[in-house]
Amino acid sequence: MTACPRENSGELAVFEQIMAQYERRVFRIALRLLNNPQDAQDAAQEVFLKLYKKLASLDETQGYEPWLFRVTVNVCRDIGRRRRRSVGIAEVADLVAPHPGAEHDAQRAEQREIVRRGLSRLGEKERAALVLRDVEGLSTREVASILGSSENTVRSQICSARLKLREFTGRLMMRRRS
Amino acid sequence: MSCAKFETDIALYAGDDLPAGKRSRIEAHLAACADCRALAEDLRTNQALLGDLRDEPIEESMVAQVRRRVMAKVSPAPRRPARLYWKLALAAALILVAVLVWPRRQVKPVRVAHVERHIAPPQIAPAAQVSIRPVRHRIIRRRPRTPASPPGPPLLVQFVTENPNIVIYWLVDQKQGD
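These protein sequence lines map, in sequence, to chains A and B. Taking numbering that gives the first Met the number 0, the leading residue of the first sequence gets 0, the next gets one more, and so forth. Taking numbering that gives the first Met the number 0, the leading residue of the second sequence gets 0, the next gets one more, and so forth.
These are calculated hints, taken from the structure and not from any lab test. Careful: at least some of the hints might be erroneous.
Claimed, not checked - Derived DSS-like pairs: lysine-lysine, alpha-carbon spacing no greater than 27 Å straight-line: (1) B:K72 / A:K124; (2) B:K72 / A:K53; (3) B:K21 / A:K124; (4) B:K4 / A:K163.
Unchecked claim - Restraint-style ranges between C-beta atoms, simulated for each label pair: (5) A:E109 / B:S23: 31 to 37 Å; (6) B:V96 / A:Q16: 48 to 54 Å; (7) B:P75 / A:R170: 51 to 57 Å.
Positions of the beta carbon are idealized from the N, C-alpha and C atoms, including for glycine.
The following block holds chain A by itself, in its conformation from the complex:
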């Protein structure tokens, strides 16, 4: 995909500013949804190229976040369907930068690893709802707006996802303890 270059350097500066503000969150959401760093990079790139094309028509008073997250979820869904591949959790774990002094609690690190793995086992819609609600901390209403669903549907997806994740983590924890 090639973007049409614009002469308006002011617009480019605004775009750079928005990108600097949201690039980590967009990349992180893509990483949690796709579970693959290269796919997450491709998704983030596509999202920001779409933003660049749409920038002039977006209402900045509404904020760019809902639009960016909606496009991120859609792009990740398309990429996920296109590639249909599942990457081991180790690959994603490698991507997390070393956190000096933060991994003293080995049990907590292990639990986080299990949750990450459990997240990748969820279905597409449930995973998107849970990532936006419980990882990104958006409200149910915001998640519903991003996913284009009703709040009740989102609540149902979140509820189901949490219970599946609990079942998965409980089973794995019990296996490791025994």
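Following the hints, put chain B in place on chain A, whose structure we already have.
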């Protein structure tokens, strides 16, 4: 588990997604049910672990790579060299066309043959009821043959018949060496 009907609400309660009206009912049940308390505790632990994922630092090099790729596509490319190439190509094409067309537009001098032969009178059909004498011809314009001299204009030969209304003109090209 006999409390299956509470599971959904407990999953929502753990993430503060339960409406206030239902919260007190769930809290009363949790106070009386150890299994559901364990479930709620597991769900809260997972909530905290999911929150940890949000706080995990992202590998900056991955994000920076995305930024570079996006900016490379949206930044206006330097156009001057491209325009210069087009101008040079256009000029070269015009020169080529001029070179190819120019010789064709030059008018070559007409070389006129020097005629010295007598031409037999034309045969006129008897049906024409015209009495014809042997045709006499005269050379209206004639140039002396000079091998080294440049070719002159075409040679005009006039044939006169007995009928004054019939005059035959013969325009002869002069061939080189004639």
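### Message
Are any of the numbered hints broken by this structure? If so, which, sorted upward?
### Response
1
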